[in-house]
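*Asks:* Sequence:
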Amino acid sequence: MGTALIYLLVVAAVGAALFGLASLVFGRGEELAPLPPGATPTRLPAGVIGGDDLRALRFQQAVRGYRMDEVDWVLARLAEELDRADAQRNGLEARVAELESGRRPSHAGGYQDGALRTEGER
Numbered sequence: 001m002g003t004a005l006i007y008l009l010v011v012a013a014v015g016a017a018l019f020g021l022a023s024l025v026f027g028r029g030e031e032l033a034p035l036p037p038g039a040t041p042t043r044l045p046a047g048v049i050g051g052d053d054l055r056a057l058r059f060q061q062a063v064r065g066y067r068m069d070e071v072d073w074v075l076a077r078l079a080e081e082l083d084r085a086d087a088q089r090n091g092l093e094a095r096v097a098e099l100e101s102g103r104r105p106s107h108a109g110g111y112q113d114g115a116l117r118t119e120g121e122r
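For the sequence shown, our numbering gives the first residue as 1, with consecutive numbering after it.
Hints in this document: simulated from the structure, not taken from any laboratory.
Warning: the hint list may mix true and false statements.
As the list claims (entries may be wrong) - Pair by pair, the computed Cβ-Cβ distance ranges are:
#1 D83 x T40: 19 to 27 Å
#2 Q60 x E80: 18 to 26 Å
#3 A56 x A33: 22 to 30 Å
#4 A39 x G15: 38 to 46 Å
#5 L21 x G47: 47 to 55 Å
#6 G50 x G91: 18 to 26 Å
#7 E30 x G91: 47 to 55 Å
#8 A94 x G50: 19 to 27 Å
Glycine included, C-beta positions come from ideal geometry on N, C-alpha and C.
Model the full structure from these sequences, guided by the hints.
*Replies:* As structure tokens, then:
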């Protein structure tokens with residue numbers, strides 16, 4: 001029984017010595033400074049957001065999941081992008097409907113009534 005206790009103490013001492021040596025050699029590592037209040041590591045491009053941007057998006061984790069203000073900001077930004085894309089699509093669909101109904105664009109930027117241009121008019 002005494003021999004097992006001595007072996008256990010020797011193993012613990014060797015482990016502590018190796019841990020101390022590794023701590024001295026490798027150090028504690030670099031510690032990052034905390035972010036200032038209101039700052040976020042979450043980044044989105046200033047222009048149009050693509051699918052790859054969304055796939056690469058990562059949120060900073062807080063004690064209970066993600067930071068709600070970051071998620072709200074990204075969702076608001078995505079909602080704006082979707083609204084803009086929907087408005088652009090609706091405008092293009094209206095333009096296609098006008099062209100298909102027999103109206104053609106005039107040189108002044110408006111539309112003229114009449115048939116669509118034939119190949120000879122171009």
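*Asks:* State for each hint whether it applies.
*Replies:* Consistency of the hints with the structure:
In this structure, D83 and T40 meet the distance hint of 19 to 27 Å, their C-beta atoms being roughly 23 Å apart. In this structure, Q60 and E80 meet the distance hint of 18 to 26 Å, their C-beta atoms being roughly 22 Å apart. Distance hint check for A56 and A33: the Cβ-Cβ separation is about 24 Å, which falls inside the suggested range of 22 to 30 Å. Between A39 and G15 the C-beta distance comes to about 41 Å, which sits within the given range of 38 to 46 Å.
Range check, L21 to G47: Cβ separation about 52 Å, and the 47 to 55 Å hint holds. For G50 paired with G91, a C-beta distance near 21 Å keeps the hint of 18 to 26 Å intact. The hinted window of 47 to 55 Å between E30 and G91 holds, with their beta carbons roughly 52 Å apart. Look at A94 against G50: about 26 Å separates their beta carbons, and that is inside 19 to 27 Å.
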